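Line order of the protein sequences matches chains P and X. Each residue of the first sequence is one higher than the last, beginning at 2 in our numbering. Each residue of the second sequence is one higher than the last, beginning at 57 in our numbering.
Among the hints, a few may not be true.
To be verified - Restraint ranges, calculated between C-beta atoms of paired labels, are given here: (1) X:Val523 <-> P:Leu54: 25 to 33 Å; (2) P:Gly50 <-> X:Val519: 29 to 37 Å; (3) P:Asp169 <-> X:Val523: 31 to 39 Å.
Said to hold, decoys possible - Okay, the calculated bits of chain X under chain P, using three or more residues with CB under 8 Å as the criterion: (4) 184-190; (5) 222-235; (6) 438-452; (7) 500-509.
No lab work stands behind these hints, which were simulated from the structure alone. Here the structure is a predicted model, which is why all the values come from computation and not from measurement. Even for Gly, the Cβ is constructed at its ideal location relative to N, Cα and C.
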Amino acid sequence: MLTGSPTLALVVLGLPAASFLALALLRPLRRAGRLAGGVSITAIGAAFGAACLLWLRATSRAPLTSPSTSWAWIPADGEPMATVGVMVDELSMTMAVLVTLVSFLVQLYSLAYLVDEPAPSLGRYYAYHSLFAFSMLGLVLAPSFVQMFVFWELVGLCSYLLIGFWYDRPAAARAAAKAFWITKLGDLGFVAGIVMLWASAGTFDFWTLFGQAAGGTLPTEGLATIMFLIYLGAVGKSAQFPLHIWLPDAMEGPTPVSALIHAATMVTAGVFMVTRAFPLFGLVPDVLVLVAWVGAFTALLAASMACVESDIKRVLAYSTVSQLGYMMAAAGAGAPGEAFAHLVTHGVFKALLFLGAGVVIHLFHTNDVFRMGGLTGLPAVWVPFVLATLALAGIWPLPGFFTKEAILAGVLEGGFVGPFVLLAAGAFLTAFYMFRVVFLAFFAPAHGGHHGHHHVPTLMAAVCWTLAGLTVALGLRTALVGEHHPAPAWLPWLSLALALGGVGLAWSMYRRGVPDPAVVAAALRPLEWMARRRYGLDGLFAAAYRWGLLALASLVGWVDRYVVDGVLNVLSAWTLQGGDRLRRLQTGLAQDYVYGVALGALCLLVLARWAWS
Amino acid sequence: MTGEIVVPVVGLSALLPALVVVGAGGLVLLLDLLPPRASKAHLGTVALAGLVAALLVTVSRWGTDDRAFRDMVLLDNYALFFDVVICYAAALVVMLSMDYVGREGGESGEYYALVLFSTTGMLLLASAGDLIVVFLALELMSLSLYVLAGFFKTRLVSGEASMKYFLLGAFASSFLLYGIAMLYGATGSTNLDRIAGSPAARDGDPLYLVGLALLLVGFGFKISTVPFHMWAPDVYEGAPTSVTALIATGSKAAAFAALIRVLVVALRGLQPDWTALLWSLAVVTMTLGNLAALAQSNLKRMLAYSSIAHVGYMLVGLVAGGASGAGAVLFYLLAYTFTTIGAFGVLALCQRAGEEAVEVSEYAGLARRNPVLAATLALFLLSLIGIPPLAGFVAKFYLFGAAVRGGHVWLAVIAVLNSAVAAYYYLRVLVYMYMREPEAGGAGYVPSFAGGLALAIALIGVVALGVMPAPFADLAQGAVTPLLR
């Protein structure tokens with residue numbers, strides 16, 4: 002059991018906050034653009050250093066001492082209702098390192114990527130980035146459900162701002178709103194769950210709750226419902242079926258933002274929350290079964306949609322949804338450690354995939370993989386991307402292989418054969434769709450269409466290579482010294498065979514044309530038709546929103562405005578000819594409203610009478 | 057006859073805050089007769105000075121327990137807490153009015169005098185220890201507000217608002233009076249303490265219960281609970297924006313002060329009954345308020361429905377009961393007052409082509425034209441949603457927490473879901489301000505020193521309440537203790 006210095010953790014948290022405040026309050030600094038970027042990057046870089054230091058200087062603690070330090074925030078008689086503070090344990094320290102590292106690299110990369118952005122808007126971009134890093138760090142260091150929820154909402158708000166960064170594009174504004182509302186839907190469950198948990202356990206504090214869970218003093222009545230509601234929050238944030246539909250649209254933001262959202266922040270919040278609260282989830286096996294099945298189903302569903310997508314960023318988006326499904330499935334199967342390990346390695350190579358895709362998009366000015374190609378001569382561009390692709394596909398000895406195998410082993414060990422089969426099929430598809438992108442975007446014959454400026458900014462390349470080095474290092478470290486999850490001897494071979502099979506199929510289809518992709522698509526037409534339409538889920542949500550909530554709201558507004566006001570307006574139209582306006586107000590208006598009040602009074606009297614008897 | 061007239065000894069100290077304010081009102085009327093005739097801005101300063109003086113008096117008397125007129129007027133911590141809220145709200149309204157009313161062509165001495173007189177009514181309402189005083193104070197407050205709502209005499213909507221407010225207000229007052237009569241009939245007293253101690257209260261006399269229901273109708277109108285809310289959107293929309301701010305905050309706080317005192321002191325024997333009634337009122341009020349607000353495109357109308365919804369939340373605290381519930385309501389009122397005055401204040405300072413800017417579309421791209429003003433309004437709206445670390449979040453937290461502790465988990469869950477729905481219409485304004493292209497000739501800021509200062513004070517309040525709620529929460533708790541003894 003490790004713990005770290007709370008002071009250092011506060012430094013990690015405070016640096017991006019200070020940078021955000023400086024950028025938000027000092028208008029000249031924000032409008033300076035690149036200078037604002039420098040401030041933000043310095044702050045997050047220092048935060049990364051502090052996070053590493055926190056990790057290196059971690060000390061072990063006795064098993065029963067709390068890793069949390071908190072201060073009263075919202076007082077109440079007796080003990081405070083809400084506290085703020087930091088919980089510094091292995092989980093939060095690892096996440097802090099990952100979050101600051103990816104944020105730092107993404108911000109650095111953005112300096113080159115958004116070189117054409119006007120200065121004031123670049124300043125705004127970095128202000129959002131600082132706020133985003135602060136929110137995510139606050140979330141991972143939270144010692145209680147309240148603080149986690151507070152930062153959870155802030156993370157949602159930041160992603161809304163960043164996805165809609167180019168708000169003059171209607172698609173971006175729409176995608177931002179969609180992301181916000183769909184995740185908000187899950188948050189409804191989250192907050193209701195927290196309130197109910199507090200009602201039954203009397204505390205929000207993780208450590209106290211864990212103590213109650215371990216000691217058997219946590220009231221179990223209604224706990225399944227509570228944990229299910231809390232899980233709904235994770236469904237929204239971590240894009241689980243059926244709330245996954247916001248994530249692919251979130252690609253409308255700048256590419257570095259996608260890298261940030263998909264790798265280290267936002268979407269990992271849900272998995273992190275489930276891991277963090279696992280001692281509580283562990284008490285409700287029914288909910289865990291659901292978590293595992295939904296996760297595995299999401300993994301396969303998203304993988305199938307990635308196979309028919311031609312937009313490179315959307316393929317990566319679906320692959321994120323799919324990988325989040327793996328993590329959730331592992332957590333549901335009772336292996337939260339494996340889920341978390343995959344979260345960390347995936348964070349590193351998914352960031353690389355997005356930043357690498359950003360380089361390609363920068364070269365071709367398009368997202369369409371069918372209009373790319375001919376990059377064989379540019380190893381600086383394709384080597385990091387292919388390394389990350391191999392990692393995602395699960396090829397030995399890259400980190401994705403180990404963590405994915407651990408997840409499969411964990412799911413199997415938990416006795417979840419169904420989800421295991423779904424996940425294994427997903428692993429095959431993962432390798433297939435990723436290498437489909439690689440073969441089409443990099444190694445296909447060049448299309449005359451591209452503009453041919455074959456210069457990759459040094460900063461962007463350097464960031465990509467750093468992440469590539471990190472990916473390889475992570476993999477080699479696990480291969481050489483990492484402890485291996487006890488698993489059946491055939492599992493690594495199956496895992497590797499599935500991955501290689503997927504790579505092979507992609508190679509044969511998109512390099513050799515055997516079998517011809519068009520023929521395959523024709524053979525699987527119904528499935529392809531469905532996948533291309535995203536299984537109709539987006540339409541379903543849009544319709545429910547449009548016809549449900551909005552219609553109800555307009556109905557209420559309409560009744561209030563026209564049935565109440567309208568009656569009078571009709572009356573007034575008649576009397577208007579009489580010209581006596583004051584009289585009209587007197588008679589027309591009063592009558593109608595007075596009827597309302599009288600009716601209400603009658604209801605109250607009846608209610609009172611009923612309550613009395 | 058050797059009899060002498062016995063002059064009763066009247067301790068006026070219990071009336072001190074109200075006397076200061078009414079004195080300032082008289083002074084404003086007198087000064088109005090003197091030159092200069094062209095500008096009346098200096099009268100605003102006099103009114104402001106009076107309110108600040110009243111605020112200082114109130115603060116200096118914290119912790120005392122004064123009574124006057126045979127317990128008809130009480131100046132305990134509870135009243136003092138509300139006096140602070142009311143004086144503060146009135147002072148900000150005066151500051152906002154200084155440029156606004158003159159610009160819109162209605163500045164005169166009477167305006168400030170009427171604001172002060174209605175404030176006097178509010179202060180008395182918070183101190184009322186007798187149902188007769190409740191009624192008198194309510195009328196003093198309301199009659200001034202009826203006139204203020206119609207103060208822009210040349211505007212049809214303003215006259216319409218005034219007329220509607222007056223007619224329905226009079227109607228609701230009759231319910232209140234009828235309820236008072238019923239209670240008097242049942243218990244033989246109008247004093248709150250004596251009502252609580254009467255035999256009828258213990259026997260559950262039906263008259264007593266009818267009195268409760270009628271009182272709730274009267275108060276329900278003043279604090280605009282559904283279904284007695286119909287006047288609110290029209291009046292809020294039509295009245296001068298500064299007056300709308302006063303109606304939405306000061307008058308609501310005062311009516312709540314009296315309602316809580318009546319329920320918790322005089323009608324404590326009927327607590328199960330009024331809890332049941334308020335439970336349904338709370339659910340209906342917040343749900344309808346929020347749903348109707350979703351469909352509004354006029355900002356003043358939207359804020360009107362939103363304030364109805366906020367009343368629903370506050371009723372949740374009353375249902376929760378006990379010191380924590382009542383304390384939560386007081387804290388919420390404080391936070392709500394800070395935030396709502398700020399939101400209406402921004403509207404009062406925005407103009408488009410010489411007209412008030414009230415449509416959401418007129419605020420498109422405000423962030424580009426005036427980032428400071430846009431950020432200010434954004435913070436107020438975020439506080440209304442309940443985004444931490446602003447006042448609205450902590451206030452909601454207290455309220456819903458009190459409901460959970462009081463065993464009303466479902467009510468708390470309904471309230472939480474409601475506040476999630478509410479986020480939509482507030483955020484829509486943010487989207488317009490930050491993510492839409494500015495329209496040609498959209499809303500613009502009209503420079504005003506006093507108005508800007510008022511916004512700054514409100515903003516500091518919103519942030520301070522959210523970041524360090526402890527001292528304010530202690531005050532609110534300290535204020536409700538004398539009631540629950």
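Worksheet item: Against which earlier hints does the structure fall short, listed by number upward?
Response: 4 and 7
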